[in-house]
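Peer 1: These protein sequence lines are chains Y and A, in that order. Read left to right, the first sequence gives residues 1 to 287 (our numbering). Read left to right, the second sequence gives residues 1 to 319 (our numbering).
In case anyone wonders, no lab produced these hints; they're calculated from the structure. Keep in mind that this is a model prediction, so the values were computed, not measured. One should not assume that every hint holds.
Claimed, not checked - Partial list, derived from the structure: chain A residues whose beta carbon lies under 10 Å from chain Y:
{"no.": "1", "residue": "Leu9"}
{"no.": "2", "residue": "Ser10"}
{"no.": "3", "residue": "Ala12"}
{"no.": "4", "residue": "Gly13"}
{"no.": "5", "residue": "Val16"}
{"no.": "6", "residue": "Tyr20"}
{"no.": "7", "residue": "Leu23"}
{"no.": "8", "residue": "Leu24"}
{"no.": "9", "residue": "Ser88"}
{"no.": "10", "residue": "Ala91"}
What the hints assert, rightly or not - The calculated EDC-like cross-link candidates involving lysine to aspartate or glutamate, where the alpha carbons are at most 16 Å apart (straight line), are:
{"no.": "11", "chain 1": "Y", "residue 1": "Lys164", "chain 2": "Y", "residue 2": "Asp79"}
{"no.": "12", "chain 1": "A", "residue 1": "Lys18", "chain 2": "Y", "residue 2": "Glu130"}
{"no.": "13", "chain 1": "A", "residue 1": "Lys96", "chain 2": "A", "residue 2": "Asp66"}
{"no.": "14", "chain 1": "Y", "residue 1": "Lys6", "chain 2": "Y", "residue 2": "Asp18"}
{"no.": "15", "chain 1": "Y", "residue 1": "Lys3", "chain 2": "Y", "residue 2": "Glu61"}
{"no.": "16", "chain 1": "A", "residue 1": "Lys202", "chain 2": "A", "residue 2": "Glu163"}
{"no.": "17", "chain 1": "A", "residue 1": "Lys18", "chain 2": "Y", "residue 2": "Asp120"}
{"no.": "18", "chain 1": "A", "residue 1": "Lys96", "chain 2": "A", "residue 2": "Glu251"}
{"no.": "19", "chain 1": "A", "residue 1": "Lys18", "chain 2": "Y", "residue 2": "Glu59"}
{"no.": "20", "chain 1": "A", "residue 1": "Lys18", "chain 2": "Y", "residue 2": "Glu121"}
{"no.": "21", "chain 1": "A", "residue 1": "Lys18", "chain 2": "Y", "residue 2": "Glu119"}
{"no.": "22", "chain 1": "Y", "residue 1": "Lys164", "chain 2": "Y", "residue 2": "Glu59"}
Just so it is clear, CB atoms sit at the ideal spot from N, CA and C, and this is done for glycine as well.
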Amino acid sequence: MLKISKVSRRFGSKTAVDDINIEIPAGQMVGIIGRSGAGKSTLLRMINRLIDVSDGTIEFEGKAVSSLKGQALRDWQRDCAMIFQQFNLVPRLDVITNVMLGRLNHRNTLLSLLRIFSEDEQLMALKALERLDIAQTATQWAQTLSGGQQQRVAIARALMQEPKILLADEPIASLDPRNAQIVMDALAEINEQQGITVITNLHTLDTARTYCERIIGMSQGRVVFDGTPDQLTTEVARELYGADGLAEAFSEAMTSTTLEAAKPRQKKKKHMAIVPGTAFAEASLPN
Amino acid sequence: MTTLEQTGLSQAGQVVHKHYRSLLRTRRLYTLGSLGLLLAILVGALLFAEASNSGKFIERLPYFFDFFIHFRPDEPMEVVRAMFDLPSPYADGSFKYDYEVGRVYLFGEFYIPEYFYQLLVTINVAFLSTLIGVVVAFPLAFLAAANATRLAPLRFAVRRVLELFRAFPEIVIAGMLLAILSLGPIAAIAAIAIHTIGALGKMFYEVVENADTRPDEGLRAVGGNWFERVRFGYVPQVMPNFVSYFLLRTEINVRASTIIGAVGGGGIGEVFRLSIGRDHAAKTIAIIILLLVTIIAIDWLSGVLRQRLVGDAAFRFGA
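The shape of chain Y in the complex, shown without the other chains (with noise of 0.2 Å):
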């Protein structure tokens, strides 16, 4: 269970996470959703402790988390998995490794420093990247491979940790629908697999509909729904992203807030059911 408690977050004058209290029991899938600027990322961040809390509390199992330092601090982080919306692989270095880094919190750092990985933890990156479906990408360089397929190889390296905790910060903002999909499926079935607790924030109320049993609204830092996806009603919904920012937030095509690839705006998920198979070929096929 995490619990977080009077957590506030303070960048100079400006509060971009207010006094929030949440508890999420073991898992659980969890979407975040809100404008950006809300503190989402902020929130994800601290519990990953990439930053400090300013205030308050963050606690998994009785332990207290946001107060860790030194090996028990990256121990947590070992424990505490994260996926980002850049995917942030090591670019020129080959799918494989970047994999069995995930490991690098398991093992003897000078071991690590010389590259030198077992046999057995080969078979597990590979077993890892096979269950994703990118195995034959794994001894290319990272950065030759798509977004979909690098947001793949970052689950795969997350998985490798062999996390009690997935975190994923907009894992599929930078995808197009199709990726985003399989990059959501992922994430859902590694929940109901293996009972990881997985907290993803989310651009959009569509998906968190569709693969979260729990959704937590934030604005302006501040928690402001958390409840089932049928309690998300469209008058919480307009409180949430303003009317303005309704559209937006049930369109899956605006997901990207990223100009990254070449991709139609049209392509929405009901669009895929029209076609189904033939749209989206894909583009990529590694060699």
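Dock chain A against chain Y, hints included.
Peer 2: Relative to chain Y, chain A alone:
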């Protein structure tokens, strides 16, 4: 060979694993080979150095501190007097105590002490030559970079020119220029600038080659010409590293200009050579202090400058 049952991998997965392991073997082989080669070269070089040494290293070691024991000013205040050209109570008409002679009067009674003035000469040489070097190396770097310039013969020519420029140490170029430009700071500037073009040009084009080519691709697709692509596709990316190398070169060139000064290029190097040669301890120590302060100041200044130019984002940790 592990079987399917043991690994839990599919047929395709096992093929990938096999491929990975063969790549790994090759890489390790190369790594070990290179390490062995490096070790052999190191041992060979050390043996050669030992053989070509005159062999007095150990015998002379006990006298190592003699120099520092005998090389002392009459009193600590003498160093201050030497530094600021104040009259010395020890004055006996010799060069050793003629501190006031070097004063450079600007107006009325206001003067710049000799060593500060000479330091200025040296720093001026360093800055000017670095600036010239950067201005010339900057465009050449893009012509020499394989990702920015497709024309192989042009690249080849530019690279050879850069090599020629940096092949000779500043001091050798200064010697060659002596006949044309005579002794003094102008020859020093020309010499250091030429070497800087060669050295910085190489650094710069390697930075350009390490840059991401996607922005350039985007600008090519827009229909931008070569200059526009370089200006917007590469320059913003490479600027931080260019600045780093530029500032490092400034530091190196202060030293180079001091050394050239010592052999006739003027500036602090020249007075330093004279004072240490004539056994003038107070003067020598004053100059050493000034040089040390200068290097520290340049290092600090370049840090500030770089932060300004590169942007604060590069210096933030975490968040």
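Peer 1: Now look at each hint and say whether the structure bears it out.
Peer 2: Comparing the hints with the structure gives:
1. Interface restraint check for Leu9 of chain A: the shortest CB-CB distance to chain Y comes to about 6 Å, inside 10 Å, so the restraint holds.
2. About 6 Å separates the beta-carbon of Ser10 of chain A from the nearest beta-carbon of chain Y, less than 10 Å, and the hint is met.
3. The interface hint given for Ala12 of chain A holds, since its Cβ lies 7 Å from the closest Cβ of chain Y, which is under the 10 Å cut-off.
4. A cut of 10 Å between beta carbons decides the hint on Gly13 of chain A: the least distance to chain Y is about 5 Å, and the hint holds.
5. Given hint, Val16 of chain A at the interface with chain Y, holds; its Cβ is 5 Å from that chain's nearest Cβ, closer than 10 Å.
6. Hint on Tyr20 of chain A holds. Least Cβ distance to chain Y is approximately 5 Å, under the 10 Å limit.
7. Restraint check, Leu23 of chain A versus chain Y: the minimum CB separation of about 6 Å is within 10 Å; hint holds.
8. For Leu24 of chain A, the shortest C-beta to C-beta distance to chain Y is roughly 9 Å, which falls under 10 Å, so the interface hint holds.
9. Below 10 Å, beta-carbon pairs count as interface contacts, and Ser88 of chain A has none with chain Y, the closest being about 56 Å; its hint is therefore violated.
10. A least Cβ separation of about 60 Å between Ala91 of chain A and chain Y goes past the 10 Å threshold, and the interface hint is therefore violated.
11. Restraint check for Lys164 of chain Y and Asp79 of chain Y: satisfied, since their Cα atoms lie roughly 5 Å apart, inside the 16 Å limit.
12. For the proposed pair Lys18 of chain A and Glu130 of chain Y, the alpha carbon gap of about 15 Å is at most 16 Å, so the pair holds.
13. Of the pairs offered as hints, the one joining Lys96 of chain A and Asp66 of chain A is violated, with about 21 Å between alpha carbons and a cut-off of 16 Å exceeded.
14. Proposed proximity of Lys6 of chain Y and Asp18 of chain Y is supported: the alpha carbons are some 8 Å apart, at most 16 Å.
15. A hinted pair counts as satisfied when its Cα atoms are at most 16 Å apart, and Lys3 of chain Y with Glu61 of chain Y qualifies at roughly 8 Å.
16. Taken as a hint, the Lys202 of chain A and Glu163 of chain A pair is honoured in the structure, with Cα atoms around 8 Å apart against an allowance of 16 Å.
17. Simply put, Lys18 of chain A and Asp120 of chain Y have alpha-carbon atoms about 14 Å apart, close enough for the 16 Å limit, and the pair holds.
18. Pair hint Lys96 of chain A plus Glu251 of chain A does not hold up; C-alpha atoms about 31 Å apart against a cutoff of 16 Å.
19. Note on Lys18 of chain A and Glu59 of chain Y: the hinted pairing is violated, with a Cα-Cα distance of about 44 Å set against a maximum of 16 Å.
20. Taking the CA atoms of Lys18 of chain A and Glu121 of chain Y, the gap is near 14 Å; set against the 16 Å cutoff, the hint holds.
21. With a C-alpha separation of about 11 Å, the suggested pair Lys18 of chain A and Glu119 of chain Y falls inside the 16 Å cut-off, and the hint holds.
22. The suggested pairing of Lys164 of chain Y with Glu59 of chain Y holds, with an alpha-carbon distance near 13 Å, which does not exceed 16 Å.
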